[in-house]
Amino acid sequence: MSEAVSEVVSEPAIATASASSGDATATHAIPRTRFDALPLLLVAVLALAAWPLVGSSSTWLTLTAAGLAMGMIVFIAASGLTLVFGLMDVLNFGHSLFIALGAYVTASVFAALATWTSMPSIALNLGAIGVAVLASMALAGAVGLGFERVIVRPVYGQHLKQILVTLGGAIVGEELIKAVWGPQQIALPPPEALRGSVLIGEVVVDKLRLVSVAIGVVVLVALVWTLNRTKIGLLIRAGVQDREMVESLGYRIRRLFVGVFAAGSALAGLGGSLWGMNQQIVVPQIGAQVNVLIFIVIIMGGLGSTVGCLVGALLVGLMTNYVGFLAPKLTMFSSIGLMVAVLLWRPRGLYPVTSR
Amino acid sequence: MTTPPLLTLAGVHTHIAGYHILHGVDLAVPAGQVTMLLGRNGAGKTTTLRTVMGLWAASAGSVTFDGTRIDATFGTPDIARLGIAYVPENMGVFADLTVSENMLLAARGARTFDRLDTARLEWLFGLFPALKKFWLYPAGKLSGGQKQMLAIARAMVEPRRLLLIDEPSKGLAPAIVQNLVEALRELKRTETTVLLVEQNFQVAKALGDHVAVMDDGRVVHRGPMREMADDEALQQRLLGLSLAAHS
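As given, the protein sequences belong to chains P and H, one line each in that order. Straight run, no breaks: the first sequence in the working numbering ends on number 356. Straight run, no breaks: the second sequence in the working numbering ends on number 247.
Calculated directly from the structure, the hints in this document are not laboratory data. Note that CB positions come from ideal geometry on N, CA and C, so glycine has one too. Just so you know, nobody snuck in bad clues.
Negatives, chain P to chain H, calculated, CB over 12 Å:
hint: 1; residue: 37
hint: 2; residue: 116
hint: 3; residue: 124
hint: 4; residue: 164
hint: 5; residue: 174
hint: 6; residue: 189
hint: 7; residue: 205
hint: 8; residue: 278
hint: 9; residue: 328
Within a straight-line C-alpha distance of at most 27 Å, the following computed DSS-like cross-link-like pairs (lysine-lysine) qualify:
hint: 10; chain 1: H; residue 1: 132; chain 2: H; residue 2: 188
hint: 11; chain 1: H; residue 1: 170; chain 2: H; residue 2: 205
hint: 12; chain 1: H; residue 1: 170; chain 2: H; residue 2: 188
hint: 13; chain 1: H; residue 1: 133; chain 2: P; residue 2: 231
hint: 14; chain 1: H; residue 1: 132; chain 2: P; residue 2: 231
hint: 15; chain 1: P; residue 1: 231; chain 2: H; residue 2: 141
Pulled out of the complex, with its shape left as it was, chain P reads as follows (with noise of 0.2 Å):
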């Protein structure tokens, strides 16, 4: 595979380039950058492995579909990380805060609107989530933005310290969530006309998550489309590889950085309240459980790639669901098996950006 723009989607961004260069003839000769397939095929791969394995069709469908969703829930909450140590290369073990935050303001928000989820109202529940959605990345966001002031900026660039000092402050969040929310486990039924599943052929799919992967498409398209055809998205990728050099095109990378680290937080948040309407319970350890799931899935990804912590996230996502219906006990090392299996074949990830 090629090693530089490994991102599959700068194809279309420099195609555009070419259109405007005004002689796109004088480009016919370059050899372009394929997209590599391999990844995306594996994802198929697992999943025929597993038919046999299943033996049922109807099961193996419904899990293959649980599966997705899950993927893609756990691509959400995976893909602030991603920017967040991907790109800027900080160790944010905190990240599991921010998560445990969008599970919690969730639960309130449902709670506050208790009115709009116990409707038989598609329109009000969804009313329900798009505003549990938006206070949870507006909240974690925001304490992302205190979070990197206080915690990550004096340790940039170390990260010993990084490990050290955010682990430290997803402790002291997850006790001020105690605080604040209590101790106790909270319950966090789905709103009532997304209670159940649907019937798609022989295939029952949960009506909540079907909602998580629409919006998980949707925070794909944005973070591929800032990424690969903004400036912002530009200035981002440069600044992982040459921080001074960006400076010194007249950017002021520091203020970047805070940005895509509120961003990150953000959509912790969003991927914490989506977790947590499908546990359909929230606890303060919330945060952590998925954490150690987001980080195989952006190792195995890829640093810094969005598409890659995608498909690391569907391969974590389907290999949770066959192993947890054929060997319940194997579920984590299965994960994390995997992630070693995926560094043999491929060391730097599916699809690295960053050259760490």
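With chain P's structure known, arrange chain H on it following the hints.
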């Protein structure tokens, strides 16, 4: 010199990690001309450029650009926004971005490719044809000479008031160096002010209007380039003496 200086360094001292590198640099860069900064390795040439850009802070003295002190309160992005472009010794090319993306980044006034100044782009393509050929190519895949051309073109993608270029000929084949010299000559015709660090005296002779020679963190000679080019004894004394003193 009669042309007023665009950039002035007065008694500039710079410390890096406890080491005293610049020991009171005095330098004036006249507007619209090319000033060559010569000297042996470790004389402080790169540190001087980086101090002007604010990448390393001056611990004493002043850096003045067009009448404004830029050493105290200006950060690197502010200094760049005054119209100063910097081409570092390692070229600072973003390897994972394409040539086109590198150029778009440098054009602060353009948010998208179609906002790039196409006439200026064509002018740059005329100077550096390889950039047009490899427009959509990842910059990391370019040869050393092509990367250097990209680095210089990037600094010129929009009109800038002052270009700081650090050893553009370093490590390049003679034919490539000649191409580079031709391109920089073309740039010189636009009367852009340039402060160019160079080890290769032939390149310096071909491009410079003025010369400043550094040794041990100080400017030890200033004058017209032609005067130095014609005076082999002066070359021997300044550059030869410098080498002998530190061998």
